[in-house]
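J.: Chain residues, written in single-letter form:
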Amino acid sequence: MSDVKTPNTPLWEVFIRSRNGLAHKHVGSLHAADSTLALQAARDLYTRRGEGLSLWIVPSNAITASDPADKGMMFEPTVSKAYRHPTFYDVPDEVGHM
Amino acid sequence: MYTQGLSNPDTAAPAKAAEGAGLAARFQERVDAEERIEANDWMPDAYRRTLTRQISQHAHSEIIGMLPEGNWVTRAPTLRRKATLLAKVQDEAGHGLYLYAAAETLGRSREEMFDDLLSGKAKYSSIFNYPTLTWADMGAIGWLVDGAAIMNQIPLCRCSYGPYARAMIRVCKEESFHQRQGYEIMVALCRGTPEQKAMAQDALNRWYWPCLMMFGPPDGDSTHSDQSTRWKIKRFSNDELRQKFLDALVPQTEFLGLTLPDADLRFELGEGDATKDGARGHWRHGSINWDEFRQVLAGNGPCNRERIAARRRAHKEGAWVREAAAAYAAKQAKQKLAA
Amino acid sequence: MATTSIQVNETPLVLYLLRRADDALILGHRLSEWIGLGPILEEEMALGNIGLDLIGQARSLYAYAAEAEAAGNDEDTFAYLRDAPQYRNLLLAEQPNGDFGQTMVRQLFYSAFADPYWRAMTASGDATLAAVAAKSEKESAYHLRHSSEWVIRLGDGTQESHARVQEAVDVLWPYTGEMFECDAAERTLADGRTVIDPAPLRDAWDGTIGAVLSRATLTLPQNGWMQSGGRTGRHSEHLGHLLSTMQHVQRTYPGAAW
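Residue numbers (this note's numbering), protein chains in the order written: chain A, 261 to 358; chain B, 97 to 435; chain C, 23 to 280.
Hints in this document: simulated from the structure, not taken from any laboratory.
Hints should not be assumed to be uniformly reliable.
Here are some chain C residues the structure puts well away from chain B; computed CB gaps all over 10 Å [stated by the list, open to error]:
#1 ASN31
#2 SER54
#3 GLY78
#4 ASP98
#5 ASP105
#6 GLY147
#7 GLU182
#8 GLN188
#9 ALA226
With a straight-line cut-off of 25 Å between C-alpha atoms, the simulated DMTMM-like cross-links for lysine to aspartate or glutamate are [claimed, not checked]:
#10 LYS265/A <-> GLU271/B
#11 LYS269/B <-> GLU311/A
#12 LYS285/A <-> GLU271/B
#13 LYS432/B <-> ASP178/C
#14 LYS265/A <-> ASP322/B
#15 LYS160/C <-> GLU200/C
#16 LYS265/A <-> ASP137/B
#17 LYS285/A <-> ASP211/B
#18 LYS157/C <-> ASP75/C
#19 LYS160/C <-> GLU311/A
#20 LYS285/A <-> GLU208/B
#21 LYS265/A <-> ASP121/C
#22 LYS265/A <-> GLU419/B
#23 LYS412/B <-> ASP75/C
#24 LYS157/C <-> GLU273/A
#25 LYS265/A <-> GLU413/B
#26 LYS285/A <-> GLU419/B
#27 LYS427/B <-> ASP294/A
#28 LYS427/B <-> GLU189/C
#29 LYS430/B <-> ASP178/C
#30 LYS265/A <-> ASP212/B
#31 LYS430/B <-> GLU311/A
#32 LYS265/A <-> GLU134/B
All of these numbers come straight from a predicted model, not from anything done at the bench.
Backbone N, C-alpha and C define an ideal beta-carbon position, used for all residues, glycine too.
One chain only, chain A, in its complex shape (with noise of 0.2 Å):
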């Protein structure tokens, strides 16, 4: 038993949304065979309380995924652009809301 291997079942990542409004959230992964057993399999494990009304499945390796070594130059250069957010801005009060 011990030699012997059990081939890789492709991975898979489950995106749910819990009710219609919301965006589909990352909720976990599995593995299956093919995207229908991976469908069947995400309702049955992911979904028994209600959790859901609809689900994607998407193939763990079609997920492309930003370095987090690169954090700095994709992420930090943004933080200094504070005129991009409406607070920056000043409007006389007698204005009232804008």
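Go by the hints and put chains B and C onto chain A.
T.: For chains B and C alone, coordinates are given in the frame of chain A:
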């Protein structure tokens, strides 16, 4: 969902010089600041190995843990009990899967981890190597084993490793019914016939000590828990959790009119969570047979061989199903390509 | 709870309810036998869900049977204190799990019937039955999809899986005719529009099964000889063993509440 304080950090391989003290220091700063570590973040090799081992052991425990209760699903004495027990055991399969998924983010595939379980290389919680002999064991497992597990698991929701913490949040949320389900079974037995009450007492007698052992060796003997604490994988020591469990257990036992099989059980006054006659303090258990614990972990419990044999048989007998699904998927992919 | 088997006053409605409830309970029980032993962990979740759906259907139907009989019985006396000859389920439901392929074929055969059956029953003149049907219909529709997908994969998978699942089709085929039977008792209910006559569902069932088996590259057995008897309590040898396990605790401790 069950964890056990048996996961020791891997301190064997010192961090490569190239990784540098800088990265390690930065990592520790993030952990200290209660930042979550995510799958692709840099982490010390030992952290990765420790977590892979702990999470996969945790997953294995869920999967093996289905067997002792699965033993009674077909014999549950009412349809309500049958449905709830089946739902509970099914949840355990689900929790095993959430945990394998969390462990996989650290780099090892589920198949590799599962093969380690089947080959006997990987460990799982000692508790599931005890037999379930009567229906009352379903009550005792839910009440005691799940009760002990919850003590262990709630702090893991704040574990420094994000995927593990998220899996644990889901698990804890789903599992809140498990202990209540078990206690309800005990209440029904204790309010039932003398035979039923005796059955409940017998189950308590058999599960009490193994449950105290579930929290792992006493703090003095657990050489590696310092590192896990520094990494914020472990937030409470084995003894702290065991104490919390016992303090909650004593009044629950009294309510049932049952007796804990511990001649040395006593109440000590002091600062504590438990109360007796209005005074604060802690319940103290008698001495635990750690030799039994080590023997069960080493494979010599009453059911170790049967548990693994059952999963091996299922895996072997299911191989043709997995092969068929893979073959069909390959054919479909080929057809799609040709079209 | 009584110490020996109960006697049930099987009016046409009670008999009908027990038949459908027994189908669901026995099949649900069979699926629960898979727990911890599935070929794929994800499939253990699926089998558990289907089992829970069926046990839930059984409980609703027993509850209604208890109400209709009004003789002090409840879901548990019906389930735990009737012996095999008093059970009214289809022979198909009690057939052993066999391998995963056989379990999926059994599920396919049953669900391909239950799905249109409960859908038609949503129009029952009996409000309680219509409500049970509305819930069961959705559940059965999923069971049908799930088992179809598996039968297709196993049939069109490897040589071994094809052979195994073809064998399962051949073994279970003779138990499929019973689903469409309608005896005198059920006929009275059908005439009163409380239930539907299942016989006309045969065409739809043949169509569903034919399509799935064809995609699965499997062949339909040619022999039309069918086994029958479950509806009147003449069962296969398997049911007694199933009940001896299921009823073990209740029978050992008569009168206890759990």
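J.: Hint by hint, note whether the structure agrees.
T.: Right, here's what the structure says about each hint:
Interface exclusion of ASN31/C from chain B stands, the closest Cβ pair being 21 Å apart, more than 10 Å. Not every CB of chain B is more than 10 Å from the CB of SER54/C (nearest about 5 Å), against its label as outside the interface. Distance check for GLY78/C against chain B: the nearest CB is about 7 Å away, which does not clear 10 Å, and the non-interface claim fails. Here ASP98/C does not stay apart from chain B, with its beta-carbon only about 5 Å from theirs, under the 10 Å limit.
The non-interface label for ASP105/C is consistent with chain B: the shortest C-beta to C-beta separation is roughly 17 Å, beyond 10 Å. No Cβ of chain B approaches the Cβ of GLY147/C within 10 Å, the least distance being about 27 Å, so the stated non-interface status holds. Look at GLU182/C: its CB is around 5 Å from the nearest CB on chain B, not clear of 10 Å, so calling it non-interface is violated. Every beta carbon of chain B lies more than 10 Å from that of GLN188/C, the smallest distance being close to 12 Å; the non-interface claim holds.
Look at ALA226/C: its CB is around 26 Å from the nearest CB on chain B, clear of 10 Å, so calling it non-interface holds up. Taking the CA atoms of LYS265/A and GLU271/B, the gap is near 33 Å; set against the 25 Å cutoff, the hint is violated. Only pairs whose Cα atoms come within 25 Å are accepted, and LYS269/B paired with GLU311/A is accepted, the gap being roughly 12 Å. A C-alpha spacing of about 22 Å is found between LYS285/A and GLU271/B, which places the hinted pair at or below 25 Å, so the restraint holds.
Annotation: proposed proximity of LYS432/B to ASP178/C holds, straight-line Cα distance about 16 Å (limit 25 Å). A hinted pair counts as satisfied when its Cα atoms are at most 25 Å apart, and LYS265/A with ASP322/B does not qualify at roughly 35 Å. For the hint linking LYS160/C to GLU200/C, the alpha-carbon distance of about 23 Å falls within 25 Å, and the restraint holds. Using a Cα cut-off of 25 Å, the hinted pair LYS265/A and ASP137/B is violated, with the two alpha carbons roughly 29 Å apart.
Between LYS285/A and ASP211/B, the direct Cα distance comes to roughly 31 Å. Violation of the 25 Å bound is thereby established for this hinted pair. Straight-line distance between C-alpha atoms of LYS157/C and ASP75/C comes to about 9 Å, which keeps the hinted pair within the 25 Å bound. For the proposed pair LYS160/C and GLU311/A, the alpha carbon gap of about 17 Å is at most 25 Å, so the pair holds. A distance of roughly 28 Å separates the Cα atoms of LYS285/A and GLU208/B; the hinted pair therefore is violated under the 25 Å criterion.
Of the pairs offered as hints, the one joining LYS265/A and ASP121/C holds, with about 22 Å between alpha carbons and a cut-off of 25 Å not exceeded. A C-alpha spacing of about 13 Å is found between LYS265/A and GLU419/B, which places the hinted pair at or below 25 Å, so the restraint holds. About 28 Å separates the Cα atoms of LYS412/B and ASP75/C, which puts this hinted pair outside 25 Å; it is violated. For the hint linking LYS157/C to GLU273/A, the alpha-carbon distance of about 30 Å lies beyond 25 Å, and the restraint is violated.
As the CA atoms of LYS265/A and GLU413/B are separated by approximately 15 Å, the hinted pair is consistent with the 25 Å bound. At roughly 32 Å between alpha-carbon atoms, LYS285/A and GLU419/B are farther apart than 25 Å, so this suggested pair is violated. Of the supplied pair hints, the one linking LYS427/B and ASP294/A holds, its CA atoms being roughly 11 Å apart against a limit of 25 Å. In summary, the hint linking LYS427/B to GLU189/C is supported, as the alpha carbons are separated by about 23 Å, within the 25 Å threshold.
Restraint check: the Cα-Cα separation between LYS430/B and ASP178/C comes to about 14 Å, which is no more than 25 Å; the hinted pair holds. This hinted pair checks out: LYS265/A and ASP212/B have alpha carbons roughly 10 Å apart, not beyond 25 Å. Taking the CA atoms of LYS430/B and GLU311/A, the gap is about 35 Å. The hint is violated against a cut of 25 Å. Annotation: proposed proximity of LYS265/A to GLU134/B is violated, straight-line Cα distance about 29 Å (limit 25 Å).
Violation of the numbered hints given earlier is confined to hints 2, 3, 4, 7, 10, 14, 16, 17, 20, 23, 24, 26, 31 and 32; the remaining hints are satisfied by the structure.
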